[in-house]
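Protein chains in written order, with our numbering: chain A, 1 to 224; chain B, 1 to 224; chain C, 1 to 224; chain D, 1 to 224.
No lab work stands behind these hints: they were computed from the structure.
Computed from a prediction, not measured in an experiment: that's the story for all the values here.
In this text, a Cβ means the ideal position worked out from N, Cα and C, and glycines have one as well.
Since no wrong hints were added, every one of them can be taken at face value.
With beta-carbon atoms standing in for the labels, derived distance ranges:
#	chain 1	residue 1	chain 2	residue 2	range
1	D	R219	C	F211	30 to 38 Å
2	C	P157	A	L156	33 to 41 Å
3	C	N4	D	E155	21 to 29 Å
4	D	R219	B	S2	51 to 59 Å
5	C	L156	B	R219	37 to 45 Å
6	D	E3	A	G24	56 to 64 Å
7	A	G40	C	M15	28 to 36 Å
8	C	P157	B	S213	30 to 38 Å
Calculated from the model, a selection of chain D residues having no Cβ within reach of chain A, i.e. all distances over 10 Å:
#	residue
9	K39
10	E44
11	S93
12	E116
13	G210
Number of protein chains: 4
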Amino acid sequence: MSENVSIRCGLIGCMGKMGQEIRGYFTTFGDRFVLEIDKGFINESDRPDVIIDFSNPAALDSTIEFCKKYDSPLVIGTTGLNEENLARLKDLSKSVAVVQSYNFADGINIVREILEMFGRYFDNWDGAIVEIHHNQKKDAPSGTAIMLKNSLGRELPISSLRVGGVFGEHTIIFSNAGEVVRISHTALSRRAFAIGVRKAALFAIQAEKGFYSYRDVLRNSVNH
Amino acid sequence: MSENVSIRCGLIGCMGKMGQEIRGYFTTFGDRFVLEIDKGFINESDRPDVIIDFSNPAALDSTIEFCKKYDSPLVIGTTGLNEENLARLKDLSKSVAVVQSYNFADGINIVREILEMFGRYFDNWDGAIVEIHHNQKKDAPSGTAIMLKNSLGRELPISSLRVGGVFGEHTIIFSNAGEVVRISHTALSRRAFAIGVRKAALFAIQAEKGFYSYRDVLRNSVNH
Amino acid sequence: MSENVSIRCGLIGCMGKMGQEIRGYFTTFGDRFVLEIDKGFINESDRPDVIIDFSNPAALDSTIEFCKKYDSPLVIGTTGLNEENLARLKDLSKSVAVVQSYNFADGINIVREILEMFGRYFDNWDGAIVEIHHNQKKDAPSGTAIMLKNSLGRELPISSLRVGGVFGEHTIIFSNAGEVVRISHTALSRRAFAIGVRKAALFAIQAEKGFYSYRDVLRNSVNH
Amino acid sequence: MSENVSIRCGLIGCMGKMGQEIRGYFTTFGDRFVLEIDKGFINESDRPDVIIDFSNPAALDSTIEFCKKYDSPLVIGTTGLNEENLARLKDLSKSVAVVQSYNFADGINIVREILEMFGRYFDNWDGAIVEIHHNQKKDAPSGTAIMLKNSLGRELPISSLRVGGVFGEHTIIFSNAGEVVRISHTALSRRAFAIGVRKAALFAIQAEKGFYSYRDVLRNSVNH
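With the rest of the complex left out, here is chain A:
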C-alpha cells in the first residue's frame, strides 16, 4: 500500500507526546482521526481503518473493545505490557491484525536486522557498543543497546554516555588488526517513531489477521 494513501485513524493516548507526534506526522499525509481517546476525553465519529495505541496498559481493555467493535486492526506501542496483556493481544490477533513493538524506529530495526544477518561475519573481529543519551535518561545501558547486543548473539562491552540533550545514538564498532567497521544510528527526534508507526499502520490495514512485530512490517516493506 502506497504511503500516500490517506488513513482514517483511531488514536488511543492522543494527548501524550507520541500521540501528538503521530497526529502531526500523519496529518501531513491527509490522514484523519475519527476516534481519539485519552484520559477523560473521547472523540468518536467514524469507523477507523486502524487503531493506534500509545497509552498505558490500563487502557488495553478499552482499546481491544474498540478493535472488536469496528473490526479494526491494531498498532500498539504501549510500554510495560505484562504477560497477561500480551496474551490478550494474541487473543485479539485471532480476529484482526495486531502489530506490537517497543521500538517503531525504522532505522534501528534495520540495524538490528543487519547485525543479525552479518554478525557472524565479524566473529573474528573485536566488538564494542557505545551509546549516548541525554542526561535525563536513567537506565544504562539503554534497552536498545541490549537489543542490539542480543541480535549479535555474542558478548560485547557496552559504554554508556549520558550528556546534554542527545536524543539517542548507538554505534557498534568492529575492528580487527587492519580495519574498523562502524554501524551507527542516530535518532533525531520523536519523528523517527511516528514514521515507523505509519508504516506499521499501512501494513496492518492490509495484513491478514495475526500477531506481528515491527520486523514483519520492515520485511514486508521491501518485498513489495
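For this one, chain A is given, so just place chains B, C and D on it according to the hints.
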C-alpha cells in the same frame, strides 16, 4: 580450515609493499615461503600449497606456469589485468582454484554485502557517501566508493576529501526525517589486505577447482 | 548574573518558531513575558528587563520604540537586516545595550573562537569542512560553514550533504601524515538557539550601553 | 627555522621502532645521521646539530656525555624517566637546550591546548571522553585520556574501548540541551610522533639553552 594451520606459500612479487606485508603477517602464523619470485629474484625450494601473486600483469605467464607445475591453487591481487589476462586466469581455473580480487580487505567486502542486501530497506531514505584519503591519492571518487555505490543500485552523491595521511575511510550515510544510519569503514594499514589474502589462501587450498572472487571467500567463511 | 535569575521579558515575534522556542525554554527558569508582540497581537503589561526580537526587519521601528519607551536593552536575532537597519541599531546602542547576532548557538560560536585562535596551529595540515543538513535546506554551503572557513583565514574545500532530517552538522577535519583532528558541531534542535538567547539576555541586562555581538556574550561568560 | 633545512642528527636508540621511524621520516628531508647509538652499536662520524634520544633511562648518562662533548641540544622522548633522571636533564639544560616530552604528536598537543584554553567555555555543558585503542594495550584509561581530562580541570567520565588494531583515537564530547561539540584526535601511525620530533629538533637547534616541553615547541611554531 582453521586460520591457525601453517601454510607453505608461493609469493610472486615478494619484494613489493604488499609482498612484504603478506610475508610479515603470514609469518606470525608460522607459514613458510617455499617459492619467492620478484624481478631478478627466484627462491624455489618446495611445492607451495598455494601461490599468491601481488605483482604485475607481465608476470602472469610465469605465475600460471608455476601453478601448473605444482598443481597449486592461486590467489591473485595484481591490479590492471586486462580481458586477455582474465581469460587466461579463467582457463587456469579449469585445473586449480583461482581467487581473483582487486580488494582483499575483509571489512570493505562485508560492507558491500550489507549494502547489497539492505540497500532496498533505505529506498525511501536520502543517501550520500563520504570518502577520505591521503593527499597523494589522485583519483576521486575512489574506486571503492564507486563499488559501494554500485552495490546499492542507486545514484548517490559522493564527496571526496583528500587530506594528510588518512589511509582510507568510507562512510555511507542514510537519513529520513527522524533518523540517521551511518555505515563506515576505516582501513588502518596495508595489514587489512594481508588478513584477507590469508583467508583467501586458506579458502583456495581446499576449494574445488574454479574461478572465485573474494565474495566466495567471505561467504564460505561464515558457513563453516 | 546567574542563569537562575528570573527575567521579565519583552518578545517581538512571539508567535514565530523561535519566539515559541524562546518562551518554552525561558519559562523553565520562571521568566515572565510582560510584553509580547506579533502581527496583529499585542500584550503589554509591564516594563521588560530586556526585549528580544526574532521577527523581521519591518518590525524594527516598533521594537526600537519599545526599547526607548522602557529603557530596555535589546537582543535581536532577526535575519535579513540591511545597512540602514544596522545603522539604526547602532544608533539605539548609544542609549541601551544591543546584542545583535545571526547565530545564537553557544557551541557554534565556541567552535568559531577555537578556529580563530588555533587555526594557525594547523597551517601545515590539510583541511576540509563537511556540513550535513536536511533535504529542505536550499543554500550550499551553509552560511555557518562559510563563517567557520572565514574564521580560519584560509581556503578549505567544503563538502555539503543534504539528507533527511539532519538539523545541522559541521565538521572541520585537519590531517597531516600522521594524525587527524576533527572538530564537529551538531545542532540537536532549535533549543540550541534559545539557550544562547537567554545567555545574551542576561548579558544585555547588566551590560553598559553599546553594540555587542554574541562573541562579547561568550567571552563575558567565562570571565565571571 | 624552515622545516626544509637539512639536519645533521644524533640518534640514541637508532634500532628501536621510534628510532627507525625517525630515520625514515627525517631522511625524506635530506637529514643525515652522523651519530647513531644502540645497544652494542656505535656510529660516530661528525658533530650533530641536535641529538635525539628515544631509548631508555639507562642510556641517559651516555646521552648527556655526547651532548656536552658536541655542545649539541637534546630532544628526548625516552619514557619512564624518574626524578633523578629529570634532575640530570635540567642540569644539562644549563648548557644546552633540552626538549623533553612523553608525547611528541603535534595534534594531541594542539588538542590539549584547545581544552586548556576553552574548557571553561563548556563549564555548563556535560562532558565525556571516549578513547579507543588496539587490543594489545594494557592500561585503561590511556595516559593521553587522563592528560586531556586534566587539561580541562574538571572530572569527566572516560570510556575505554580495546578493539582490533586501532592505533589511538580520543574523542572529547560536550553536550548541552541543544548542541553537541566533539573534538577528536586519531593517530594514524608512529609517523605522528616523528613529525613532532623533527619540529622539536628544529626548535632545539635555535633555542637558547633551557628546559623545554613540547608545548614550547608548539607555541613557538605559530609565532614565527
